[in-house]
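For the sequence shown, this note's numbering gives the first residue as 171, with consecutive numbering after it.
Some hints could be false.
Derived lysine to aspartate or glutamate pairs resembling DMTMM-like cross-links, with alpha carbons at most 25 angstroms apart [as the list claims (entries may be wrong)]:
id	residue 1	residue 2
1	LYS284	ASP344
2	LYS285	ASP349
3	LYS284	ASP325
4	LYS323	ASP344
5	LYS284	ASP349
6	LYS183	ASP349
7	LYS323	GLU337
8	LYS333	GLU283
Cβ-Cβ distance ranges computed for the label pairs, FRET-style [stated by the list, open to error]:
id	residue 1	residue 2	range
9	ARG264	GLU286	31 to 41 angstroms
10	ASN226	THR327	10 to 20 angstroms
11	GLY300	PRO329	25 to 35 angstroms
The hints are simulated quantities; they were obtained by calculation from the structure and are not laboratory data.
From the three backbone atoms N, C-alpha and C, an ideal C-beta is built for every residue, glycine too.
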Amino acid sequence: MAELKPKVTLQTKGEEAYIPIEQLMVTLSWTADMDLDLMAFYQTKDGRTGGVVSDNYPGGDMGSLNSFPFIQLSGDAGVGAVGGENEEVLRITRLDEMAFVYICTINYTDAIEKKESSFSAYDGVVRVVGNQGESVEVPLNSPETGAVAVVAKIDNTSPIGAKLINENRIMSLDSFETDIPGSHVILR
Numbered sequence: 171m172a173e174l175k176p177k178v179t180l181q182t183k184g185e186e187a188y189i190p191i192e193q194l195m196v197t198l199s200w201t202a203d204m205d206l207d208l209m210a211f212y213q214t215k216d217g218r219t220g221g222v223v224s225d226n227y228p229g230g231d232m233g234s235l236n237s238f239p240f241i242q243l244s245g246d247a248g249v250g251a252v253g254g255e256n257e258e259v260l261r262i263t264r265l266d267e268m269a270f271v272y273i274c275t276i277n278y279t280d281a282i283e284k285k286e287s288s289f290s291a292y293d294g295v296v297r298v299v300g301n302q303g304e305s306v307e308v309p310l311n312s313p314e315t316g317a318v319a320v321v322a323k324i325d326n327t328s329p330i331g332a333k334l335i336n337e338n339r340i341m342s343l344d345s346f347e348t349d350i351p352g353s354h355v356i357l358r
């Protein structure tokens, strides 16, 4: 597979870049012996919340590109903490109803053992590619420990357009449920 070079890299927490809102592909890739799971949680402009997560989770929903939420997950890679060319892909075909979309990953390997992790110990990276080939990269490089990494947030509340914000915020499952709209879908 040819590797796309990012046009913009959001290295630092809080950095942001405007992105197109037609269609987006979000890719989490890593090679470490870890089971990382890519997820998206959202809050619509009218207040609805939800998530797109692997159907390996109780209540998990892989989403749909042809109906609401217009977000779909490709599958679950790295199951059983298998290293190699692991990749999970989220596709987003419409953002017009969304106020916020949170791109998150859970270190499933450590979370099931209730072990807090530093995501910077792995080689994970999230890439967002628009339908014109424009790309933004957010490395998983926070040294903080926790079960969940809120990698990036898509803020679609500005009339100027949607922007991708490097969150790289690490949190416990309890904080995750409190702070991220729609996250309750996996924490039932």
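Structure-based check of each hint:
The hinted pair formed by LYS284 and ASP344 meets the criterion: a straight-line CA distance of about 12 angstroms does not exceed 25 angstroms. Among the hinted pairs, LYS285 with ASP349 is consistent with the structure: their alpha-carbon atoms are about 20 angstroms apart, no more than 25 angstroms. Taking the CA atoms of LYS284 and ASP325, the gap is about 31 angstroms. The hint is violated against a cut of 25 angstroms. Of the pairs offered as hints, the one joining LYS323 and ASP344 holds, with about 19 angstroms between alpha carbons and a cut-off of 25 angstroms not exceeded.
Of the pairs offered as hints, the one joining LYS284 and ASP349 holds, with about 19 angstroms between alpha carbons and a cut-off of 25 angstroms not exceeded. Distance restraint check for LYS183 and ASP349: the Cα-Cα separation of roughly 17 angstroms lies within the 25 angstroms cut-off, and the hinted pair is therefore satisfied. Taken as a hint, the LYS323 and GLU337 pair is honoured in the structure, with Cα atoms around 6 angstroms apart against an allowance of 25 angstroms. Pair hint LYS333 plus GLU283 does not hold up; C-alpha atoms about 35 angstroms apart against a cutoff of 25 angstroms.
At about 36 angstroms, the beta-carbon gap between ARG264 and GLU286 stays in the expected band of 31 to 41 angstroms. For ASN226 and THR327, the hinted distance range of 10 to 20 angstroms is not satisfied, since their beta carbons lie about 32 angstroms from each other. The beta-carbon spacing between GLY300 and PRO329, approximately 19 angstroms, falls outside the hinted interval of 25 to 35 angstroms.
This entry does not satisfy hints 3, 8, 10 and 11, going by the numbered hints stated previously.
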